[in-house]
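Visitor: Build out the structure end to end from the sequences listed, making use of the hints.
Keeping their order, the protein sequence lines are chains A, B, C and D.
Residue numbering for the first sequence follows this note's numbering, beginning at 184 and increasing consecutively.
Residue numbering for the second sequence follows this note's numbering, beginning at 184 and increasing consecutively.
Residue numbering for the third sequence follows this note's numbering, beginning at 1362 and increasing consecutively.
Residue numbering for the fourth sequence follows this note's numbering, beginning at 1362 and increasing consecutively.
Worth double-checking, as some hints may not be accurate.
Unchecked claim - Examples of chain A residues lying across from chain D (beta carbon under 10 Å, computed): (1) R262; (2) D270; (3) G309; (4) M363.
As the list claims (entries may be wrong) - If you anchor each label on the Cβ, the simulated ranges turn out as follows: (5) B:E279 - D:D1552: 35 to 45 Å; (6) D:G1387 - A:K316: 31 to 41 Å; (7) D:E1550 - B:K255: 29 to 39 Å; (8) B:R380 - D:E1550: 30 to 40 Å; (9) C:P1489 - A:G323: 33 to 43 Å; (10) B:S264 - A:A405: 53 to 63 Å; (11) A:A405 - C:K1506: 28 to 38 Å; (12) B:F330 - C:T1515: 40 to 50 Å.
If you are wondering where the hints come from, they were derived from the structure by calculation, not from laboratory data.
Where is the CB? At the ideal position from N, CA and C, for every residue including glycine.
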Amino acid sequence: MLTIVDSAAQAVEPITDGSTVMIGGFGVAGQPVELIDALIEQGATDLTVVNNNAGNGDVGLAKLIQLGRVRKIICSFPRQSDSYHFDAKYHAGEIELEVVPQGNLAERIRAAGAGIGAFYTPTGYGTPLAEGKETRELDGKMQILEFPITADFSLTKALTADKAGNLVYRKTARNFGPIMAAAARTSIVQVSDVVERGALDPEVVVTPGIYVDTVVSIPDPAVGHA
Amino acid sequence: MLTIVDSAAQAVEPITDGSTVMIGGFGVAGQPVELIDALIEQGATDLTVVNNNAGNGDVGLAKLIQLGRVRKIICSFPRQSDSYHFDAKYHAGEIELEVVPQGNLAERIRAAGAGIGAFYTPTGYGTPLAEGKETRELDGKMQILEFPITADFSLTKALTADKAGNLVYRKTARNFGPIMAAAARTSIVQVSDVVERGALDPEVVVTPGIYVDTVVSIPDPAVGHA
Amino acid sequence: MTSMTKDAALTPEQLAEVVAADIPAGAYVNLGIGQPTLVSNYLTPEDDVTLHTENGMLGMGGEAHGDEVDPDLINAGKIPVKETDGCSYFHHADSFAMMRGGHLDCCVLGAFQVDRAGNLANWHTGKPDAIPAVGGAMDLATGAKQTFVMMTLTAKNGQAKLVENCTMPLTGVGCVSRVYTDQAVFLIEGDGRVVVRETFGCDFEAVQELVPFPLERSE
Amino acid sequence: MTSMTKDAALTPEQLAEVVAADIPAGAYVNLGIGQPTLVSNYLTPEDDVTLHTENGMLGMGGEAHGDEVDPDLINAGKIPVKETDGCSYFHHADSFAMMRGGHLDCCVLGAFQVDRAGNLANWHTGKPDAIPAVGGAMDLATGAKQTFVMMTLTAKNGQAKLVENCTMPLTGVGCVSRVYTDQAVFLIEGDGRVVVRETFGCDFEAVQELVPFPLERSE
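Guide: So, in structure tokens, the structure goes:
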């Protein structure tokens, strides 16, 4: 059932040590900056984070990593020009890394939300990222077996929520939002605006309210870090 | 690449004997009535049809079955009060039936469009519909292995197409349209209206044009049979 | 809840009211075709229950009549329905992903048989010449967080439909958590125990006499 | 196409023009990060090519500058871009389903190595201390109907990047159909044969001297 809270701090309050947290965003688009900042403030540690990257510069996810609060990261592209906090932790053996092809990452997150126990995909077959995975020839192609990525919490950003929890997004900021909200046991979403039921056209809802647990309105969100 | 044709007859012209044809619609909503009628007229036979049902009354899919043009039907719910043409063919051993739980039907169609080689699902485990299927315990639940349903053609109905082939639907008439268009090698769509590129808001496009091969404008489509 | 005895076996409408009272406020619910749809008549706006229909809608409203009928807006039973404020539409794979991913708090289904292990048979009588037709029943039974069954306790031949082991083809394995019947409400505990929560128009002993395995009394 | 010799090895821009000329009208295409993005400069509106960016857009327009920049509208290289008429947005799973389901007619990728079997290595140098990072490369390489590679024929050390067997970690198996280099265009036939379609600033023999397995001449 949907809860609309007053602050990002309230929204992230339930996150406990040891949680798996999905964090939306791709590049500067769709990053839930205020929710991540609230999580930094909140103090939960020993986290497993699911994100496309492993943080940039000295803020946001990079800050969380720098603070030693992330035990493991599951992502497709950790190495970036300014991912130095991740790089340092990784080379020091202080953070666990699971690199996943971006499409497998997306499909595994979708699978968690959709109740799919596992699926076969050709992506990654014959590469180091398939080492140790089950393989099988299907439809004339060698494929590997991939499993869902579940999470305790997701932190994502949308444009507008209605009071039924329905969400719409903006342009390429949509990215991981819908699938992470569906995959996480508790989905926490920051939006620029909360409107009444009936104010969103039911044809254009991207994330139905059933996937949304907590909404916080952040009217003027900061642009993501990248 | 998108072709916009002038008539339903032209749209279904490429369908050959022995084809697998997905037909959209659930109940009266979303049935591509004019495309089905054109297929009846066109004459292709020995068809495998994928639909939620097996036809009603004496028209549409029921007519196609009555005419002996359907070799096999893959559906979730063939038995209805007025599915007498299917019933007769079935009891006479003149049509092959594969009954699939509706969610497995939808997910298998999606898998075909999404390049998933196979997937595990709990739905159907322990039931007659899982007989002979591979099983595996995943996430504490017994699951069965299901394979994609591919098709040569799909016949579906949308509300509006733009000239890039992008589609929007109307209410519960959306149903199988998006996943069938993505799954079929050639997707044929009837719409009430074709508009210029840029006339559809890119945020509300449901089926991106990449999935659409043939569009025909049927301004005043008949309501489906059910 | 303590065991209680109502004066008579319940009508379907009365039973629907009992089920409705057990649906938590704010829940997302799918009501199966037939008797379970009656439950919606006893849900109030204050309950804030959101109805799902598997053909692709959340926030389904009541039946549409007359001018309200729109052939593009029907439910899984193919009945014209209405919108509610805050509803949304999605395609079939997204709709079933919602069901199968465990997002529905509850579904209410009819049944031919339920057994003490919570196995459900509601799609096929098992007659060899019957044409099989399943629809979304298996997805609902297996996917919802809780599956409630609503049925008469006995079939027309007087045999209990709550049985030791289902003899009809299964819809789902161990999926039923509660069985609402005209004569009693049963809690399926998952370990083979079945508790009679309350009875209607009869007592525990009368129910036990009908059901062919040992039942437990509610505490 | 008959084998021909241009006067000099191609600049990246010239090579991009060669690739662009080979993309069929009406195609849906994904251009990888780096050199492949140059190809878009040589596609004309008449080509009616639709660009996909894996973060969730079809119909991507050119780079945005100044006031056009919108932080919510970026491409897979995280560069601000523009819309085109007829574009659409979708989420990451839908975007990758599009790639993985074989709907893109073509993708153009950079490479460290390609071998005669069409195996591609473009994501990891294999150095033991390198942090692995793959992004969407494996999905593109494996999912597109055709994978074109665009690279220099030789690495900085003078070694050919078209090899008998890739020694670097693979991105995809047997996925490359054509290799566009500054010195020649190679057709990967899938049966181990590699045909030199054309050369730039050199002849077949010069290319053969660089490549450590027998090449075939174009007919």
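Visitor: Compare the structure with each hint and give your call.
Guide: Structure-based check of all given hints:
The interface hint given for A:R262 holds, since its Cβ lies 4 Å from the closest Cβ of chain D, which is under the 10 Å cut-off. The closest approach between the C-beta of A:D270 and any C-beta of chain D is roughly 6 Å, which is under the 10 Å cut-off, so the hint is satisfied. With its C-beta approaching chain D no nearer than about 4 Å, A:G309 sits inside the 10 Å limit, and its interface hint holds. With a least beta-carbon distance of about 9 Å to chain D, the hint placing A:M363 at the interface is held under the 10 Å criterion.
Here the CB-CB span from B:E279 to D:D1552 is close to 38 Å, well matched to the stated 35 to 45 Å. Checked against the given bound of 31 to 41 Å, the beta carbons of D:G1387 and A:K316, roughly 37 Å apart, stay inside it. Between D:E1550 and B:K255 the CB atoms are about 37 Å apart, so this pair conforms to the stated range of 29 to 39 Å. For B:R380 and D:E1550, the hinted distance range of 30 to 40 Å is satisfied, since their beta carbons lie about 38 Å from each other.
Checked against the given bound of 33 to 43 Å, the beta carbons of C:P1489 and A:G323, roughly 38 Å apart, stay inside it. The hinted window of 53 to 63 Å between B:S264 and A:A405 holds, with their beta carbons roughly 59 Å apart. In this structure the supplied range 28 to 38 Å holds for A:A405 paired with C:K1506, their Cβ-Cβ distance being about 37 Å. About 41 Å separates the C-beta atoms of B:F330 and C:T1515, a value consistent with the hinted range of 40 to 50 Å.
Violated hints: none; the structure is consistent with every hint.
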